[in-house]
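Colleague: Chain A is fixed; fit chains B, C and D onto it per the hints.
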Amino acid sequence: MAVAIKTQNLAPVKLIRNVPKEEYYVPGHRTCAGCGPALQYKLVAKAAGPNTIFLGPTGCMYVANASYLCTPYTVPWMHTQITNGGAVASGIEAAYKVLLRKGKREGEFPNIIVMAGDGGSVDIGLQAMSAMMYRGHDALFICYDNEAYTNTGIQTSPTTPYGSNTTFTPPGPAIPEGKTTFPKDPPQLVIGGHPAVKYVATASVAYPVDLINKVRKALNVVGPTFLHIHSPCPKGWKFDASKTIEVARLAIETGMWNMYEWESGEYRYQFRPKKYKPVREYLKLQGRFTHLSDAHIAKLQAFVDAKVKGPGIPVQAPVPTPPAVH
Amino acid sequence: MFIIPKDKEVPLGCVTPAPVGEQPMMITGNWREYRPVLEPEKCDLCMNCVVFCPDACFQLNEAEDMVVLNEKYCKGCNICITECATNALTEAYELDFDDGVVRLEKPF
Amino acid sequence: MPKEMMLSGCAASAQAAKMAQVEVICSYPIRPYTAIMMELAKMVANGELDAEFVHGEGEHAQLSVVLGAAAAGARALTGSSGVGVTYAFETYSPIAGGRIPLQMMIADRALDPPGDFGSEHTDAMSCRDQGWLMGWAENPQEAFDNCLINYRVGEDHRVLLPQFVCQDGYFVSHMPGKVVLPEQSQVDEFLPPYNLPHPLDPKRPVSHGPQIRPDQGTIMDLQRAQAMLDAPAVIREVIDDYNRIFGRNYSPFVEEYMTDDAEMAFFIMGAHTMTARHAVRHLRSQGVKIGLVKLRFVRPWPTQDVAEALSKFKAVGVVETSTSYGGAARGGNLLHEVRSSLYELPQRPLTTSFMAGLGGEMVPLKDFYYMADILSKAIKAGKTNKTVYWVGFEAED
Amino acid sequence: MSLPNGNRFGIRFESIGGLGAHAAGQVLASAAVLKMGLNGAHFSSYGSEKKGSLVRSYVRLLPAEQPIRTSAPVETPDAIVVFHAALLKNPATFAGLPRDGTFIYNAPPRSIPEELAALPGTARIIRVDALGIAVKEKSRPNAVLLGTLCGAFPFLDAEKVLEALSEGFAGKRPEAVASNESAFRRGAAEFEILKGVGRAEGDLPAARAEPAWGYETQPIGGIVPNAGNTVWNDVSAARTGSLPVFNRQNCIHCALCDLVCPDLCLVWEDGEKGGRFERELTGVDYRYCKGCMRCVETCPASAMTKKAETPGLAERLRVPLFPDLVE
Chain A
1438 MAVAIKTQNL APVKLIRNVP KEEYYVPGHR TCAGCGPALQ YKLVAKAAGP NTIFLGPTGC
1498 MYVANASYLC TPYTVPWMHT QITNGGAVAS GIEAAYKVLL RKGKREGEFP NIIVMAGDGG
1558 SVDIGLQAMS AMMYRGHDAL FICYDNEAYT NTGIQTSPTT PYGSNTTFTP PGPAIPEGKT
1618 TFPKDPPQLV IGGHPAVKYV ATASVAYPVD LINKVRKALN VVGPTFLHIH SPCPKGWKFD
1678 ASKTIEVARL AIETGMWNMY EWESGEYRYQ FRPKKYKPVR EYLKLQGRFT HLSDAHIAKL
1738 QAFVDAKVKG PGIPVQAPVP TPPAVH
Chain B
20 MFIIPKDKEV PLGCVTPAPV GEQPMMITGN WREYRPVLEP EKCDLCMNCV VFCPDACFQL
80 NEAEDMVVLN EKYCKGCNIC ITECATNALT EAYELDFDDG VVRLEKPF
Chain C
8 MPKEMMLSGC AASAQAAKMA QVEVICSYPI RPYTAIMMEL AKMVANGELD AEFVHGEGEH
68 AQLSVVLGAA AAGARALTGS SGVGVTYAFE TYSPIAGGRI PLQMMIADRA LDPPGDFGSE
128 HTDAMSCRDQ GWLMGWAENP QEAFDNCLIN YRVGEDHRVL LPQFVCQDGY FVSHMPGKVV
188 LPEQSQVDEF LPPYNLPHPL DPKRPVSHGP QIRPDQGTIM DLQRAQAMLD APAVIREVID
248 DYNRIFGRNY SPFVEEYMTD DAEMAFFIMG AHTMTARHAV RHLRSQGVKI GLVKLRFVRP
308 WPTQDVAEAL SKFKAVGVVE TSTSYGGAAR GGNLLHEVRS SLYELPQRPL TTSFMAGLGG
368 EMVPLKDFYY MADILSKAIK AGKTNKTVYW VGFEAED
Chain D
2 MSLPNGNRFG IRFESIGGLG AHAAGQVLAS AAVLKMGLNG AHFSSYGSEK KGSLVRSYVR
62 LLPAEQPIRT SAPVETPDAI VVFHAALLKN PATFAGLPRD GTFIYNAPPR SIPEELAALP
122 GTARIIRVDA LGIAVKEKSR PNAVLLGTLC GAFPFLDAEK VLEALSEGFA GKRPEAVASN
182 ESAFRRGAAE FEILKGVGRA EGDLPAARAE PAWGYETQPI GGIVPNAGNT VWNDVSAART
242 GSLPVFNRQN CIHCALCDLV CPDLCLVWED GEKGGRFERE LTGVDYRYCK GCMRCVETCP
302 ASAMTKKAET PGLAERLRVP LFPDLVE
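For the record, the sequence lines run as chains A, B, C and D.
According to our numbering, the first sequence holds residues 1438 to 1763 in order.
According to our numbering, the second sequence holds residues 20 to 127 in order.
According to our numbering, the third sequence holds residues 8 to 404 in order.
According to our numbering, the fourth sequence holds residues 2 to 328 in order.
Incorrect hints may appear among the rest.
[What the hints assert, rightly or not] Once the Cα atoms are required to be at most 25 Å apart in a straight line, the calculated SDA-like pairs of lysine to any residue come out as: (1) 1721/A <-> 101/B; (2) 196/D <-> 108/D; (3) 1675/A <-> 52/B.
[Said to hold, decoys possible] Only some residues are given here: those of chain C computed to face chain D with a beta carbon under 8 Å: (4) 11; (5) 118; (6) 121; (7) 181; (8) 183; (9) 185; (10) 281; (11) 311; (12) 372.
[Claimed, not checked] Okay, the calculated beta carbon distance ranges per label pair: (13) 213/D <-> 1752/A: 49 to 57 Å; (14) 133/C <-> 114/B: 51 to 59 Å; (15) 222/C <-> 1613/A: 40 to 48 Å; (16) 1705/A <-> 44/B: 39 to 47 Å; (17) 231/D <-> 1746/A: 50 to 58 Å; (18) 114/B <-> 1743/A: 29 to 37 Å; (19) 1746/A <-> 117/B: 53 to 61 Å; (20) 263/D <-> 120/C: 35 to 43 Å; (21) 238/D <-> 120/C: 24 to 32 Å; (22) 319/C <-> 64/D: 31 to 39 Å; (23) 274/D <-> 399/C: 54 to 62 Å; (24) 90/B <-> 1705/A: 36 to 44 Å.
Honestly, the hints are just simulated from the structure, not real lab data.
C-beta atoms are modelled at their ideal positions from N, C-alpha and C, and glycine is treated no differently.
Excised from the complex, chain A in its bound form (with noise of 0.2 Å):
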């Protein structure tokens, strides 16, 4: 009877130079000049390769790609609702369970990757992503985390950091800072709380290699994985497209994003600064940052400063929330 178990073992990249060559995500997509994940999802695919099948929960890495009856993935793809992601890549993981052992399908168990948004991963697919993580699904769950509801036209979601100006948190006299709220935290999400869950790391699109090394370990791991991967939004956050990467480094050199790896219970850092540069670096290359002032930066420097004392340490919001206003 065949064994509907996953034995790949794709072996990691030491080198830039090594990369890999083969593209499975191809040119040809309607993503923006410079789009981070869209660069992240070129170096996932190509971490996975051909025997993949990717899920598009609605989100830009879904509408930007594949658009008008043609898109760049030469894996199977399919698209889902925004809320379900993980749900259908649960019912995929199961339906390869069961042909296999039945013999319908013969060969290695395939990568199911969920290619989901912020919002997609931890608003309202957060449901779906907790339940396939709590079920033990063989599956990659991946939260490209542009920090916004872009395909919309960049809306507030809940991974945009404080004070960030959006089309729902527009900065005005009554509220000078846009966004008010701190923003959640996906990996300590997943780790907080799923038992079958063995492996979840952070990644960015400014070292790729560190990217496609996280991917395969993931994929090598039989049971539910998650990565959350920094991915610069250059109409989102207003900077010039030519600097996605510059951004996504200064974002970990100032703390704002923090790479590790949780395994079992163990938390590896990776480019973690000696001396963490202020946040003020970061924000001034973006037009989503221009509004706030010295206190609002303050406020989001104490924040940052909590945060980088190590994953998993609990982060409380430097000011009392809002009172709901009756």
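Modeller: Structure of chains B, C and D alone, referenced to chain A:
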């Protein structure tokens, strides 16, 4: 029965074949205003441009041991120029090139 | 040898799913359909059914899981009741539009507010326009049969549509009745293996559901409409096959009972048909010329069959167990579709709708006698006073 | 196999959740249909699955050629089987019994509850100690009562009903088959027909719960305007044979019982002027007590003791919690 114009046909259940190599139905080369130009002698094949390009437009041509730009799709974001380790790439205004094309077709 | 058993509608539906050898099941509890999943869980645990039993985290997730499973190439089953059916509403068009022929078993339940376990057809009826096949069973045997029939029709490449296989909560789902379980060889002869034209398989990569231009939108809808237009012929073919293989005598769309020389008839579907049959028998014994027409499919709506069946009566009482607040006739939905089926006829019977059995109430015999009385008065007067009667709550006629 | 009165035979099981009335109905119906060549239907009406709530299970038997005509509850049953003596206090238990009907109830051979006087004088009243037999045979009351039913109605083929009962357990708990069989056989033999108990004349009227709210009076949107109106409910039927009795002499008014009581049954009043206690416990309102015995387990001063509930005891000892609201 219904008459469906040829160009408007939609496959069963909106299932479309996967592309091979590139997606010719979505040419994006006409978006750019600047084109990255390579000075081969400065290039040490560090592959930054190949890896960091969101549209996979720089590819290594094994035979000539050189990176080649896929001009049909390059959107001119210039990330490659920013990330090139040896400043072998510079931007050049698209219309200066005789085959330079800026936004002539309506990109949907 | 086929085996005779006393099974509730839920238990019968689970047996049918087992004999259809479903491969991925997604469960979530909600009264009264839950028992279907409890039975299937035991079958999987006892090794009687080789399937993956996924515990969904909600009804929206149930439909999403089986969508993924069916798109990957496995025969998939889920089910729900009441507000569970309406909670999953977002997925119904993507599944039907994506031409993924999975099956959802619905044991009806009234929608909130307030909470009511009782059965009402409103939960499924309010989801009837997305391109799913849909029909009601009158008893556990028919619930068993409808499961196999709908899989065969839905998976036929001329149709390729998902199916709502409905049964009234309690009156069918929880009332044990005699059910004949066929041989597995009969089912295998009737139902070929599941085979989707473009499954998600890395060896044959395709993309499902990319964005389209507005001008391609109509054609996408046209495709689904065409499937519904082609479905009736396939249903007739499949019902003949089913009757031959399993020894039933279902008529594909409408079944008539004591209608020859009848002046008036009840038009009804689901569990209360059983009580209506007895009411008709009793009324006939008292010389009332009344018959009964039972509907088996709400989608595709059998317009010709309904027109032919009802054209011979002077008055038709459409028994509704679902609501459509503010609808044209201010009652349920069946009357709208019956009237539009009759519209082209040179000679149309009088029609009105009787709201009965709402909230899960029993429809006692005396209510059917009341309806028959309204119809005979209408025939004498040559018109109906109202387009809807809320049976048991009308002041006087 | 012919039915006593030719065309139909209806049975109603009156029970409390957890005593197996639903299962008994299922066993009887499948035996009748699959093994005795009759046509039959069974269903139970119960609220959500809570132990201790009321359960009514209906079985309708018809000649083979006559199809089932309705899924209505059996309102005028030929036989009523009462699984628990507490239900005798509820008049609806007797509703619809015809003058020549049979009334079987489960109780130990002691005094005959005076409620039974409400039964027709000509009805056959049968008492069987189903609980006692079930405990001795390590079985359950439904097996015993099925036996009594077959004993009382020879047209029910006892061997076929027993076969159906055993099939239910064969797979799961084979050891239960033997104990069920002995309980079934004792039920069929050890019942007694009580004479001169019923005083009513003719058939008892069927009781159909009239809706309290009508089209005019139901508040809009299903709102309950008077919050907490469940104080009018009497849940005492949920007790299964014992209740906590309060002994004021031992009570130290520590209120531990009140802390653990899930159903708000304890009644307090101000302590005497200058006395040791601000508030003193005065008793239990048995209208709301389900007999969970938490108060007995937690009382440090043994002021609450578990006593067997004999008819009328709860009414005598009851201290009303809302005297102005509930009589």
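Colleague: Against the structure shown, which of the earlier numbered hints fail to hold, in ascending order?
Modeller: Per hint list: 5, 11, 18 and 20 violated.
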